[in-house]
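J.: Make the full structure from the sequences, and use the hints.
2 protein chains.
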Amino acid sequence: MTGRIPKPTTARLCKVYSLLDELEKYGERSISSHEIGKRIGVRSHSIRKDISYLGEVGIVGSGYAIEKLKAHIGSKLGLDLERKACVVGLGKLGNAIMQNEKLFSNNFKIVAGFDSNINKIETIVTDIPVYPAHEITEIIRRDAIELAVITVPGHAVQEIVGRLIAGGIRGIVNFSPVSISSSDDRVFVSNIDIAGEFRFLSALFTLEQK
Amino acid sequence: MTGRIPKPTTARLCKVYSLLDELEKYGERSISSHEIGKRIGVRSHSIRKDISYLGEVGIVGSGYAIEKLKAHIGSKLGLDLERKACVVGLGKLGNAIMQNEKLFSNNFKIVAGFDSNINKIETIVTDIPVYPAHEITEIIRRDAIELAVITVPGHAVQEIVGRLIAGGIRGIVNFSPVSISSSDDRVFVSNIDIAGEFRFLSALFTLEQK
Chain A
1 MTGRIPKPTT ARLCKVYSLL DELEKYGERS ISSHEIGKRI GVRSHSIRKD
51 ISYLGEVGIV GSGYAIEKLK AHIGSKLGLD LERKACVVGL GKLGNAIMQN
101 EKLFSNNFKI VAGFDSNINK IETIVTDIPV YPAHEITEII RRDAIELAVI
151 TVPGHAVQEI VGRLIAGGIR GIVNFSPVSI SSSDDRVFVS NIDIAGEFRF
201 LSALFTLEQK
Chain H
211 MTGRIPKPTT ARLCKVYSLL DELEKYGERS ISSHEIGKRI GVRSHSIRKD
261 ISYLGEVGIV GSGYAIEKLK AHIGSKLGLD LERKACVVGL GKLGNAIMQN
311 EKLFSNNFKI VAGFDSNINK IETIVTDIPV YPAHEITEII RRDAIELAVI
361 TVPGHAVQEI VGRLIAGGIR GIVNFSPVSI SSSDDRVFVS NIDIAGEFRF
411 LSALFTLEQK
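Residue numbers (my numbering), protein chains in the order written: chain A, 1 to 210; chain H, 211 to 420.
Treat the hints with care, since some could be wrong.
Stated by the list, open to error - Derived lysine-lysine pairs resembling DSSO-like cross-links, with alpha carbons at most 30 Å apart:
| # | chain 1 | residue 1 | chain 2 | residue 2 |
| --- | --- | --- | --- | --- |
| 1 | H | LYS319 | H | LYS294 |
| 2 | A | LYS7 | H | LYS294 |
| 3 | H | LYS294 | A | LYS92 |
| 4 | A | LYS120 | H | LYS319 |
| 5 | A | LYS84 | H | LYS302 |
| 6 | A | LYS109 | H | LYS330 |
| 7 | H | LYS330 | A | LYS7 |
| 8 | H | LYS217 | A | LYS49 |
| 9 | H | LYS302 | A | LYS25 |
| 10 | H | LYS235 | A | LYS92 |
| 11 | A | LYS120 | H | LYS302 |
| 12 | H | LYS278 | A | LYS7 |
| 13 | A | LYS92 | H | LYS319 |
Unchecked claim - Anything over 12 Å on all C-beta distances counts as not near chain A; from chain H, calculated:
| # | residue |
| --- | --- |
| 14 | ILE241 |
| 15 | ARG293 |
| 16 | ILE404 |
Unchecked claim - So these bits of chain H aren't anywhere near chain A, every CB distance computed over 10 Å:
| # | residue |
| --- | --- |
| 17 | SER262 |
| 18 | SER272 |
| 19 | GLY288 |
| 20 | LYS330 |
| 21 | SER391 |
In case anyone wonders, no lab produced these hints; they're calculated from the structure. Only a predicted model underlies this, so the values are computations on that prediction, with no experimental measurement involved. Every residue, glycine too, gets a C-beta built ideally from N, C-alpha and C.
T.: Here's what the structure looks like:
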């Protein structure tokens, strides 16, 4: 089975990849589709179908060979390449994300930080190069940065997104209070909203209580 | 239409609620299902069906009355109640989340922070009461805290989750590198993983390139 991989399949395969990455660190060698499904909360039938999009994958005994399956998914989805990333907005949250290396697997490298406040740029303590926000387009293009995290205030979001896209950014993780949708088909956006997560969880336990 | 509201409907209604909340601040009075769908990236047919789960909702001209629809969703999903929340793990990320009031709508109030490092508890500068991690269960129960954000290292996650659940927590937003699934049906978990978001975005633009 080949051809276009549907978006939900892509999302699940990314989760499978993260799981395999974790298992590999613990020295695990193989895993069944049943166990994968249990760990990521999906039926094992869906897991087998998702994996079938990758073409031939090695089976060892009753399960998949972890190293091989991880390599297959990684190469098909481009997860085995190192990607450069930046953070726009260096307030407490942006600074924490920029500096918290544990948040990022080795394949994502934060190579730049941006803020519109020049004082902040001059006084921030970090080994990562930081620049004023008006240089976003230039630096993204120069350093071939593919991914960005945005933590700027709501009113600044649209302008920042415009500059990122002008520089050639490909993916944006948006922590700002304003949800964004990309008008450019080549740019993908993921909105993360903690208040929104709290709302959803509250709704789930409210409905469950009734 | 009444009865059990499906989880995807709940998720979309929460997004509609956030949108209405934003529009209300800009003084908007009414909105069509078409416009709602466009803004949150869902077909207008789905929006109308989702809203039909709420029972009778006022229509003004060609759209929904924003204030009324927001109140309907809020009351049905329990989004109009103030909820107490806490942050476990007061490193840079946890501290940023605890102190960044803009991240939270007025209905979510951070009333406690926890960390296993006593030095950190004693030296942190914040108006929010902070406690050692071994007091989690006691404080959650005493203050009737319903929601928690976790930003602790992976190895500490399971123990922290156990203490939160023992105290009666209902929802957990997990920023730690280890994905968690609740074994308790009454507790809902949302895992947020920035590296995972980067992976998914990378996969989307990798597949789009081919």
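J.: Each of the hints needs a verdict: does it hold here or not?
T.: Hints, verified against the model:
1. LYS319(H) to LYS294(H): holds, 5 Å
2. LYS7(A) to LYS294(H): violated, 36 Å
3. LYS294(H) to LYS92(A): holds, 22 Å
4. LYS120(A) to LYS319(H): Distance of about 29 Å is within 30 Å: holds.
5. LYS84(A) to LYS302(H): holds, 22 Å
6. LYS109(A) to LYS330(H): holds, 29 Å
7. LYS330(H) to LYS7(A): violated, 43 Å
8. LYS217(H) to LYS49(A): holds, 23 Å
9. LYS302(H) to LYS25(A): holds, 26 Å
10. LYS235(H) to LYS92(A): Holds. LYS235(H) to LYS92(A) sits at ~26 Å (cutoff 30 Å).
11. LYS120(A) to LYS302(H): This hinted pair holds, its Cα atoms lying about 17 Å apart.
12. LYS278(H) to LYS7(A): Outside the cut-off at roughly 35 Å; violated.
13. LYS92(A) to LYS319(H): Holds - the C-alpha atoms of LYS319(H) and LYS92(A) are around 19 Å apart, at most 30 Å.
14. ILE241: Consistent with the label, ILE241(H) stays out of reach of chain A, its closest Cβ about 15 Å off (over 12 Å).
15. ARG293: violated, 6 Å
16. ILE404: Label violated. Min Cβ-Cβ 5 Å, cutoff 12 Å.
17. SER262: holds, 16 Å
18. SER272: Label holds. Min Cβ-Cβ 23 Å, cutoff 10 Å.
19. GLY288: violated, 3 Å
20. LYS330: holds, 14 Å
21. SER391: Nearest chain A Cβ is 6 Å from SER391(H), so the label is violated.
In summary, the numbered hints that this structure violates are 2, 7, 12, 15, 16, 19, 21.
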